[in-house]
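Enquirer: Chain by chain, the residues:
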Amino acid sequence: MDKLLFGDNQFFGINHMSEEKARAQAMRFQKTDAIMDVLDVAYDAGINTFMCTTHDRISDVTRRVKADPARYSNFQFYPCMPYAHKYANAVTEHGMVGALREFMPKDGLLATALTGTKALATKEVDGIARVLIDMEMKMFAGTRAPVVFIQNVFTDLLLGMGFTRAFKIFDDHIREKHGAEPAYITMNMPALLDALEKEGIERPIICSNINKIGFRMSGGYDAYLDALKSGRVRAVAMSVYASGAIPADEAIHWISELPGVESIVFGASSAGNIRGTKALVDKYMGEVV
Amino acid sequence: MSDKVKIAVVGLGKMGLSHFAMVNAHPRARTIACDGSGFMIDVLSKNITTPVYRDYDDLLAKEDLDAVVIATPSRLHAPMVQAALDKGINVFCEKPFCLNWADSQRLTDLAAAKGLIAQVGYHYRYVGAFAEMKRLIDAGAIGRITHVMAEAYGPVVLRPKRTTWRTDKAEGGGCLYDYAAHPLNLLNWFFGTPDQVMGSHLGQVFSEGTDDEVFSTLRWDDGPTAQLSVNWSDESHRKMSTKISLIGTNGRLYADRQECQAYLRKPVDGLDGYDTGWTVKYTTELTQDRWFYLRGEEYSAQLDDFIEAVAAGGAGAVQNDFASATQTDKTMAMIIENAETGQNVGEARAMAPQPAKKRGWFGR
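Residue numbers (my numbering), protein chains in the order written: chain A, 145 to 433; chain B, 172 to 535.
Please note: incorrect hints may appear among the correct ones.
[Claimed, not checked] Going by beta-carbon spacing under 7 Å, a handful of chain A positions derived as facing chain B:
#1 153
#2 157
#3 199
#4 240
#5 266
#6 268
#7 304
#8 305
#9 307
#10 309
#11 332
Please keep in mind that the hints were generated in silico from the structure rather than gathered at the bench. Treat the numbers as computed from the prediction; the structure is a model and nothing was measured. For every residue, glycine included, the Cβ atom is placed at its ideal position computed from N, Cα and C.
In isolation and in its complexed conformation, chain B is listed as follows (with noise of 0.2 Å):
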């Protein structure tokens, strides 16, 4: 492989025209643009030199592409990823990843049997806040988590509106795939798919064809229960605001974009610089630049990630790869099942309670 990666963006809405403009800016890039409908593409065709594709099989038929960025509705992410790993094409896919986690699991498998790079788009791991919260919960800094608060607010759906596939469930629309779908893959990063779903509310604000708000309850094994609660009809919020709040038998973590607030109740050993009570950490001082800023240093890192693991050939695990996207899409297919049916999904083993140290006589 040169060193230059050859690499499509596919489907140019909002987040496709930022991973275009983002990967079209990388040095190590090659970039194609390609997306089916007209205007954007008119547009761009006459104004900027790199090759554009209205057709994805035309340009998998004649490009010899490294790379695929797939950024089209989600309701064609499973086909599209399918088509591209068949031809041995790495891939990025946005978030979600499948509609149907059957096919999240198949294209795991598919890529891992081919050894490609294959990650999807959940730029939150990404974000130094909650990298450091993952860093944390790993080291034991608040012993055993037994309490999780994940939530997320915005302003997307304020009013009723005529339907984009954004609002079309069918399409992949909706506020649990477009919302929720971040802090539950967070919380797939820190303790692994839940073990039970219960108490799951889809519910309408505004929209007709799908949910604008999402409450749930997840357990894990011996595990953490976790709440949910996302809405994505607030306008109190300027834009999509995430946070995850955790309590443990040593203290308390609370992360969101800007920041990682550390109560402990004693310090733990291998954690240089928390000490016993607060300790904030900004994602500003956790950051490092990369070569592009469009956005959020997050969206530039998961590119920048994603082209150089290519450019090395395949070499080193990507964070956000098929498989812990194929988690994210079983914790909505389990919501969804829990909210229509009204029924507990899965089953967990409740967390014993810490037993109480022996006492001596005087003990106290």
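Looking at chain A on its own, in the form it has when it is part of the complex (with noise of 0.2 Å):
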């Protein structure tokens, strides 16, 4: 993975400080004009990642991306799934069942089995799950996405239910359809990290922050730095700056004497915070490239 990723927060109104930010955010970028201006910006200066939900929106980036392959010979994907409100919302229109049905292939044989009455076989369980990750995959398809994310809602949902066959399910499905890398947000990387590797997932990639502070660490920030001294974990690390609360520097800084940190995640609109980013993560964690 690349040391620096760029994050896709600030496209989509997704402000943890301020909601008039948030809103003058998503008046920003209602164009895609106004994405790809700043993708332009982070890629120029040297960040080839860029780490997005699976938002409808997002497709108007791949298609772009793709349309000029001479511009963007090193631009790649870390898509993130599900895109949650898609769903949420389908589920308030159809109600649980109706909403899977919605999804699946219309005249296939999970669409027949959810029309049914008998409880779905936990092999029919399985085949929905991966009908569903290959939905989310498509809009990549013809890009370069290597690693491939489950959302933090849902990993921890997941996590929090004991529902953790879920984790290997997807695991297996994005190494063998999708060739590859299987990765985890959350926000609870000591607990998940557990569960994982009871599943018999070794060393896999945890997306969550991690900040000197210990802003939303949850688990406790002595189980995070606990955690990546052990080498049982690749991990990204995200809201390194806590919102804001942290020197640019000194959180850089900070994070480049961890062990286990591979990468860090950081969302900026700005071509100043963009640079003054990667000039931090070259000068702290050695070239990007």
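Two independent chains are provided; combine them into the complex using the hints.
Expert: The structure is reproduced here in structure tokens:
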């Protein structure tokens, strides 16, 4: 993995500090051109990886990247699935089973299984999960997407319920069908790491908050540091600035000295902040290639 | 009581699933799941080690529970809470509490008589920014509050669609119960039950069976007047957004999920860090991590408080007790009555204007 990954919260009106700023960003980025302008700044600064939600609008970005292979020869995506709002809305509209049926191929066996009154067999549940994953991956066909994440709300819901077998289904399917590395976003990294190991998933790629002040590091700061030191996890650090609470230089310097952190993911919309973060990562973590 | 709390999460819909995940991950909880409907229960029972029940009566009869979390459709809250309290089981109930506030009052009394922990899931009281707003109000930060605006907007019903319990008024669906309940519960926290409700409008935008937008004017004796403006058919918001603005004689307060902004005309004793002019505090700096994070600290925090209170044998009051949720149920009943009859509900004494200071001969 690259040492620095570019995130997408800023493009979709997600801001953990202010609803006003979130709305201003949503306005600014409602045209794909505005998103591409910022991605181009990041790409030209040497940040080749875009870690993004499987939001419908990302398909506009993948289309543009595919349309200009010369310009974007090193551009790669790290998809993060699912885009939860799509499913939440479908569940509100159609109910749980109805929503799933909406997403299955209309004449397939799985749609039929969901129509029936019989309880679903385990292999049917697995099949449905695989179809959902494939659907989310569709927009990335023809691009480079070497690492695929599960979004934190979904990871943590499965983790909390103890439905950890789902991670194994995801892990196997991403490797076998999509030839990519499965990865996980979570707000509960130490607990997730234990759960993944119990499913036989070794040295997983896990993206979680990792920052000097312990902001949203659920499970405890010390448990995070222990996990990193143990060498059991390939960590991607997010919220390294703790929503602006830590000065940039201090934040990156601190991260760079942690064992186990392979990458940092950050979001920014100004050229200054993008180049600033890139320069700090180069300075403390070695040149990003 | 052993130091583990035996707790059943009943109802595995949108809220119930997330409650279940958080409770199940809690180190002090021994968790059981219960839901009548087929699909989710079928899938879970084959994939998790937690015991799963398909019948509530069966659950209560067979398990010696310390606590239940009730997250079923609102219509079922009253009978299910009653059954749990009758068996001496502590209860956490999803909001709104009961559709008939007489039930809410009765169950509040029953829980109190039995000395049980009885909590309702109004999670906004656990959002750092709103808790800070409450602290500032109680400290008199903005003086005498006269002017209140309480709002909530979000994208729930964006087109005509088939009815689910959430869009059926008789089941406790609709914008009033689902959305407006939250800002109203915050107003109840700050000012109590309103003495008068007037100008209420429960409007339909897309739904046939229930309301999609709510307006109301609430008044408190010798207290503020509040305008309520709520709409769940607003696609411009990514998810539910609740905000409260207050104007008082010494300034203005604003809070939403992310931040609490205060404008003070002059500093107030006992409020460190709040000077003249604007002070902004963010939820991120006002919030502590709990054992598990799923979708916001407030959801974890309310369940953590509940489980810890049960584990402590019922000592100490919890936030969002049944009595406080009964205030909200009563407020919503007043709004419905006002909207249906067009008559003001209750009466409120107007606040007298602040008397001018007596001026000396040369005073200005």
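Enquirer: Against each hint, give a clear statement of whether it holds in the structure.
Expert: Each hint, compared with the structure:
{"no.": "1", "hint": "153", "result": "11 Å, violated"}
{"no.": "2", "hint": "157", "result": "6 Å, holds"}
{"no.": "3", "hint": "199", "result": "11 Å, violated"}
{"no.": "4", "hint": "240", "result": "6 Å, holds"}
{"no.": "5", "hint": "266", "result": "6 Å, holds"}
{"no.": "6", "hint": "268", "result": "10 Å, violated"}
{"no.": "7", "hint": "304", "result": "3 Å, holds"}
{"no.": "8", "hint": "305", "result": "5 Å, holds"}
{"no.": "9", "hint": "307", "result": "5 Å, holds"}
{"no.": "10", "hint": "309", "result": "5 Å, holds"}
{"no.": "11", "hint": "332", "result": "6 Å, holds"}
Violation of the numbered hints given earlier is confined to hints 1, 3, 6; the remaining hints are satisfied by the structure.
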